[in-house]
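Q: Sequence:
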Amino acid sequence: MMRSDLNNTDAEIMQSYTVMVNGGSGVLVNAMTLDYSYVLTAAHVIRKKKGDIAVLDLDDINVLDYKSEKLKVLAVLIDPAPHDAEDPTYDCAILKVEYQARVLQRCFAASRLPHLAAIILVGYPATERGSADQIKQYDGHKTSVVNKLVILTINGVPAKSTIQGMSGGGVYHIQAGSPFLIGVEFQMDGTGEEQQYGRVQCHSLARFEEIITACTSAQMIPAHLECFSRMREMIFAFNVIDPNNVHQLKVALEGFADSLIRGGIPAPYEVMEQYDLQLLVDSKRPDELKNQELWVAYLEFLVICALMDNVGAADANYIKNIERKRRLLYTSDGSNWLRRLEELLKTARKYLDKNGTLIVASPEAAAQLLPPNFTLKNVISNIAVVPNEGPLAIDTVESAIYTSFKLTHLEGLRKNCVIDSEDEYQGLPSGRAQLQLFKDKLNEIIN
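Per this note's numbering, the sequence shown starts with residue 628, numbered consecutively.
Rather than coming from a laboratory, the hints here were simulated on the basis of the structure. Only a predicted model underlies this, so the values are computations on that prediction, with no experimental measurement involved. The beta-carbon is built from N, C-alpha and C at its ideal position, and this holds for glycine as well. Some hints here could point you the wrong way.
Unchecked claim - Derived DSS-like pairs: lysine-lysine, alpha-carbon spacing no greater than 30 angstroms straight-line: (1) K787 / K675; (2) K877 / K775; (3) K694 / K877; (4) K877 / K911; (5) K977 / K952; (6) K694 / K787; (7) K981 / K1033; (8) K775 / K952; (9) K917 / K877; (10) K787 / K947; (11) K877 / K973; (12) K977 / K877.
What the hints assert, rightly or not - Derived CB-CB ranges, DEER-like: (13) D1050 / N1074: 17 to 25 angstroms; (14) C842 / D914: 51 to 59 angstroms; (15) N948 / V773: 35 to 43 angstroms; (16) N782 / G1054: 14 to 22 angstroms; (17) L743 / N1070: 54 to 62 angstroms; (18) E900 / A833: 17 to 25 angstroms; (19) K947 / P870: 29 to 37 angstroms; (20) D869 / C842: 49 to 57 angstroms; (21) A993 / H710: 24 to 32 angstroms; (22) Q1053 / E900: 52 to 60 angstroms.
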């Protein structure tokens, strides 16, 4: 099982992703691959001076993690554009290192930081090398963000000598109780030594993304997009009165999810590359594609589909085979999903065959299924009008297709199939029996 940060403090999380890179620092992040991870750092810490020339040699790069264990460096990515090695604009580099499954780095766009946002700089100052507590954290706040360059003011106004060795260290912002990486420190702010107190310069993550794109390497991604196993503990969070009533069901569903993952479910980033905006209710919100909630819902969706189809694998071929039969759409909008019926029906018509099922996932906690007496007649009449035949002419074939679609909400399914029936599950002897009851209830609604 992959490592979880749930039981670690913010400081422990940030320190665990901090690495020593030669005489400087670096920070581990996730890449859209299981072949390697990235270390973001400052370019000057991996270059060596030979006469008047700054030379970069892979064999001269030494990377140690927070446990002082050496990480194998596979390659170095720097901006391929012609530039002066002394130009601070280009003082950033990315190291490909052997894959680090434990990394669950979260990232945040520096451009979205509020004024005077609190920040934390983490790294290995030279003055602490060899001590029992080598990694240090400096608190401060954002001063400005201009053209991917972030200026930070460090509390206590430390001199350059105090934070020497922190170059390449990660800069974090705490949000909703979790640390989010916003960039990498590379030098003091100010040209003269007398000015170099308390203010540092930092490259935002956007600068590193430019290098990755220019080098056609795997994009940086949130950790949850690497593998669905990152989210298996989050699926089917049934908000029942007594969790013991459905404990065996949840264990059985998680076990089934594990077997599907082992059987070859594509990585979330592969599904994202394949379907892109087709996964969203609102295509004008592309940032939602990286929301963890979408991918927790998608794993639930695949488990439900495989259970209903009684199959033991949900690989790329399976997903392709069901794409005209069932779809999941996600939105971060928590308003009543039934308000968007016309929009959802049009989406269903675009992506599904007749009798297809569209499942919506959103933060709407009280989401319901379509009421039994709910009629789509008025909505369908608005979208099944015969072209050039006048406003009252209805295309009966189109109307029949729209009427055949089954639209539902993931939370509504949880509520109707489990939460409202938890007593039924309590009386069943095993997870297998509970799983069968769950499947039977799903079949009543969407099969």
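Q: Against this structure, judge whether each hint is valid.
A: Hint check:
1. This hinted pair checks out: K787 and K675 have alpha carbons roughly 21 angstroms apart, not beyond 30 angstroms.
2. The hinted pair formed by K877 and K775 fails the criterion: a straight-line CA distance of about 45 angstroms is larger than 30 angstroms.
3. Distance restraint check for K694 and K877: the Cα-Cα separation of roughly 36 angstroms exceeds the 30 angstroms cut-off, and the hinted pair is therefore not satisfied.
4. Pair hint K877 plus K911 does not hold up; C-alpha atoms about 35 angstroms apart against a cutoff of 30 angstroms.
5. The straight-line distance between the Cα atoms of K977 and K952 is roughly 12 angstroms, inside the 30 angstroms bound, and the hint therefore holds.
6. Distance restraint check for K694 and K787: the Cα-Cα separation of roughly 26 angstroms lies within the 30 angstroms cut-off, and the hinted pair is therefore satisfied.
7. Proposed proximity of K981 and K1033 is supported: the alpha carbons are some 10 angstroms apart, at most 30 angstroms.
8. Restraint check: the Cα-Cα separation between K775 and K952 comes to about 44 angstroms, which exceeds 30 angstroms; the hinted pair is violated.
9. With a C-alpha separation of about 25 angstroms, the suggested pairing of K917 with K877 holds against the 30 angstroms cut-off.
10. Of the supplied pair hints, the one linking K787 and K947 is violated, its CA atoms being roughly 56 angstroms apart against a limit of 30 angstroms.
11. Our distance criterion of 30 angstroms between C-alpha atoms is broken by K877 and K973, whose separation comes to about 34 angstroms.
12. The straight-line distance between the Cα atoms of K977 and K877 is roughly 34 angstroms, outside the 30 angstroms bound, and the hint therefore fails.
13. For D1050 and N1074, the hinted distance range of 17 to 25 angstroms is satisfied, since their beta carbons lie about 24 angstroms from each other.
14. Distance hint for C842 and D914: a CB-CB separation of about 24 angstroms, inconsistent with the stated range 51 to 59 angstroms.
15. For N948 and V773, the Cβ-Cβ distance of about 50 angstroms falls outside the hinted range of 35 to 43 angstroms, so the restraint is violated.
16. With their beta carbons about 60 angstroms apart, N782 and G1054 fall outside the hinted range of 14 to 22 angstroms.
17. A hinted range of 54 to 62 angstroms for the beta carbons of L743 and N1070 is consistent with their spacing of about 55 angstroms.
18. For E900 and A833, the hinted distance range of 17 to 25 angstroms is satisfied, since their beta carbons lie about 21 angstroms from each other.
19. The hinted range of 29 to 37 angstroms is satisfied by K947 and P870, whose Cβ atoms lie roughly 36 angstroms apart.
20. For the pair D869 and C842, the supplied restraint of 49 to 57 angstroms holds, since their beta-carbon distance comes to about 54 angstroms.
21. Restraint check, A993 to H710: a C-beta distance of roughly 55 angstroms breaks the suggested window 24 to 32 angstroms.
22. Checked against the given bound of 52 to 60 angstroms, the beta carbons of Q1053 and E900, roughly 43 angstroms apart, lie outside it.
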